[in-house]
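Please work from the sequences and hints to get the whole structure.
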Amino acid sequence: MSYSDYTLGAPVADTAAPAGPIEQRWEQRRFEAKLVNPANRRKHTVIVVGTGLAGGAAGATLAEQGYHVVQFCFQDSPRRAHSIAAQGGINAAKNYRNDGDSVRRLFYDTVKGGDFRARESNVHRLAEVSVEIIDQCVAQGVPFAREYGGLLDTRSFGGVQVSRTFYARGQTGQQLLLGAYQALSRQIAAGNVEMHPRTEMLDLLVVDGRARGIVARDLVTGEIRSYTADAVVLATGGYGNVFYLSTNAKNSNATAIWRAHRRGALFANPCFTQIHPTCIPRSGDHQSKLTLMSESLRNDGRIWVPKAKGDTRPAAQIPEDERDYYLERIYPAFGNLVPRDIASRAAKVVCDEGRGVGPGGQGVYLDFADAIARLGRDAVEAKYGNLFEMYERITAEDPYTVPMRIYPAIHYTMGGLWVDYDLQTTIPGLFAIGEANFSDHGANRLGASALMQGLADGYFVLPPTLNDYLGRTKLAAVPADHPELAAVEAESADRLNLILAVDGDRTPDSFHRELGELLWEECGMARDEAGLRRALARIPQIREEFWRRIKVPGTGEELNQALEKANRLVDYFELAELMCLDALHRAESCGGHFRTESATPDGEAARRDEEFGYAAAWEFTGTGEAPVLHQEQLVFEHVHPTQRSYA
Amino acid sequence: MNLTLRIWRQQGPDTPGEMTEYRVSGISEDMSFLEMLDTLNEELILRGERPVAFDHDCREGICGACGMVINGQAHGPERTTTCQLHMRHFTDGDTVDVEPWRAGAFPVVRDLVVDRSALDRIIGSGGYVTAPTGSAPEAHATPVPKEAADLAFEHAECIGCGACVAACPNGSAMLFTAAKVVHLNVLPQGAPERASRVRNMVETMDAEGFGGCTNTGECATACPKGIPLSGIARLNREFLRS
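Quick mapping for you: the protein sequence lines, in order, are chains A and B. Per the UniProt record's numbering, residue 1 is the first one in the first sequence, and the count goes up by one each step. Per the UniProt record's numbering, residue 1 is the first one in the second sequence, and the count goes up by one each step.
Just so you know, the hints here were simulated from the structure itself, not pulled from any lab data. Please note that a few of the clues may not be correct.
[Said to hold, decoys possible] Stretch by stretch, here's where chain A covers chain B in the computed footprint (C-beta under 8 Å, at least three residues): (1) 22-32; (2) 41-51; (3) 132-141.
[Claimed, not checked] A few chain B residues facing chain A, derived, Cβ under 10 Å: (4) 55; (5) 56; (6) 58; (7) 62; (8) 63; (9) 116; (10) 119; (11) 120; (12) 121; (13) 123; (14) 128; (15) 152; (16) 154; (17) 180; (18) 183; (19) 184.
These figures come from a predicted structure and were not determined experimentally. Cβ coordinates follow ideal geometry from the N, Cα and C atoms, glycine included.
Written out as structure tokens, the structure reads:
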């Protein structure tokens with residue numbers, strides 16, 4: 001039986017959310033939750049993996065409540081988690097502008113923006129909690145932008161019609177993360193959090209059907225050992241780096257969530273990936289990552305390519321009537337401000353036609369000449385000066401005189417470990433928060449909502465639900481000589497030794513590039529059955545070649561960054577396969593998942609709610625073995641599915 | 001372009017290190033400095049040699065993980081992070097020296113990787129506002145004058161890379177410490193812990209083995225985020241005031 005012959009298993013359902021009016025579910029859930037006596041909390045150890053917005057917030061909060069937290073990050077400091085790179089802002093339904101915003105509107109926008117593939121209960125709670133996040137961050141000293149009167153400034157972001165995005169210049173993620181990091185640092189210094197930097201989770205320990213710890217490797221000494229606990233929280237981020245080139249940090253990886261998946265946690269909607277239209281194009285084969293520029297640039301820049309194929313003249317020499325402002329032409333109502341996915345796909349189409357610009361023809365122009373003529377150079381500089389500077393530093397081109405070149409890049413992954421309303425996975429005692437779970441963004445995430453979700457999960461949602469789990473569950477300590485510990489440690493060590501033993505002739509990066517290019521081509525912005533089947537045939541071949549030809553010098557008992565890369569790749573191969581299968585099985589277009597076979601006559605994404613109005617939660621059955629699909633039917637009681645239109 | 005690299009190689013904290021010479025060719029001027037090192041490492045791996053270890057992550061200048069002394073300057077000739085330094089600032093045939101951050105408080109882990117955990121401990125000793133989750137008042141309860149918010153932000157931009165320490169002839173962490181003290185002490189939210197914060201952070205800074213400040217100013221010149229030297233004066237004022 002081939003990998004793509006998946007079978008249909010029992011449906012999966014969220015049983016943690018209380019019934020009743022959606023506005024009261026979160027309050028009801030907190031009321032019903034068991035509590036743990038404050039004096040008993042220090043007897044409970046909780047492992048938190050990752051120190052980004054979700055993990056940092058969760059670690060600090062759980063420690064404040066009295067739990068003994070053992071926390072891990074692969075970076076040298078918890079302050080470096082990739083949440084730090086988020087630019088735009090964080091949404092909250094404060095309605096400070098008196099412009100008609102409300103919890104209900106943020107809920108509505110998020111469900112609709114997710115193209116009706118998210119769970120209503122979770123999204124409503126996210127909108128409710130959003131207001132508390134801003135209060136919390138301000139109290140921590142996060143320097144949000146302010147008005148002259150001393151009150152918080154907001155802006156409108158991501159195509160919504162209210163001004164609900166709080167920001168700290170273009171470094172909102174950095175400032176929010178430092179707030180969480182500082183709260184976490186306070187708990188580390190107080191001895192309530194045992195922090196393990198430069199330590200990477202390699203596997204999950206499941207004892208008697210419950211998550212009871214992890215196996216992790218000290219990246220400096222190479223020591224592999226078990227850490228046991230009463231519950232495990234994964235806050236390890238998304239899996240965009242499976243594409244090799246993405247806006248993720250170089251070391252962001254999927255090993256923690258994938259290993260948990262292999263141990264029994266269902267993985268939901270892996271094909272829901274988000275592509276950001278305004279990134280700086282690659283400059284050559286040496287490119288190691290892509291840099292995003294705020295999409296606010298599209299407010300004033302005009303996107304175009306030459307009308308003629310293979311036109312290599314400099315932009316300035318291409319006369320106006322030989323330019324194709326294709327977004328303005330195809331979508332006259334929205335023009336350059338169409339949603340991310342539409343702008344991205346349109347860019348790929350014109351480049352595939354041979355009309356792309358810059359090295360390799362993988363770019364389109366974002367031209368500010370009209371804006372400069374209309375507003376003046378000073379006004380444009382005031383608005384976008386820092387972005388122009390960043391662009392010039394990377395490309396050595398002056399965007400005031402030469403049009404910018406942009407191209408889409410993988411930016412965020414909506415899919416992740418399946419969780420219920422309590423953010424608990426299908427393995428009892430294993431929780432997934434932030435980008436690592438699948439819960440709130442459906443098939444597409446709105447701008448400024450990732451920071452909101454990470455902090456909501458970490459500060460406010462996980463602590464009470466984890467309380468409930470620990471209060472409800474009788475757990476005996478896992479003895480240090482429990483056979484599962486030694487077995488999983490040995491399995492982790494064996495895998496590294498197998499990689500080292502191959503001693504072939506290809507580097508980890510060469511395989512990663514090959515896998516990434518394949519995925520970008522066949523499971524990127526636009527997908528079709530033939531391409532996905534090609535990818536599903538090709539991935540096992542690359543994996544087989546990996547195990548024949550990988551070369552990693554050195555040993556496992558030292559700092560060995562090439563070994564770290566190769567080990568993460570082993571998981572990427574399997575994850576890539578599942579992404580392609582998920583994309584193949586979902587024969588509809590929705591949000592970031594565009595199947596060319598499922599489009600409206602004018603080329604828009606066409607959802608097929610009757611057949612695909614569910615979250616696809618996959619069960620692992622073995623490497624290269626056909627997985628089992630469990631469907632969670634989504635019910636829309638409050639926001640009624642409609643088809644988007646931007647024509 | 002073709003370059004000669006002289007890179008500090010050191011197996012571990014307790015083993016001696018040395019400058020080792022490598023030649024790289026076909027370097028594109030559009031490469032970042034780290035992509036140039038990637039190119040070298042790909043060759044080393046294929047030759048079965050240990051690649052050069054260096055810290056890096058976001059590669060867009062914000063995480064603060066990367067940092068090396070390039071031709072004697074922290075983060076190299078441009079005022080930016082190493083990941084945002086591009087090879088167009090070098091010339092074909094150049095010899096480039098690449099060393100780790102050099103400071104007593106930053107022991108070498110391997111090659112260009114150093115241990116900067118002392119900076120985390122400075123933050124842990126006072127670089128926060130005590131505001132347990134859930135205890136926060138409504139955000140608009142306390143207006144913050146825009147000037148204070150902007151001054152706080154200017155100092156909050158610190159990425160904790162450690163270039164200030166590496167650039168300082170005394171290996172001092174005054175600019176790093178000042179950045180956090182000023183960020184929090186100028187805000188009303190930071191006022192209740194204003195005195196204890198600065199005292200505790202300065203005490204930890206000294207205990208971690210960072211050198212004293214002699215107002216050389218190399219720190220602010222090397223800082224990729226432009227944390228102003230005046231921050232150190234503000235730190236001193238806060239310290240005296242406490």
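Problem set entry | Earlier hints that do not hold, by number | Result: no hint breaks.
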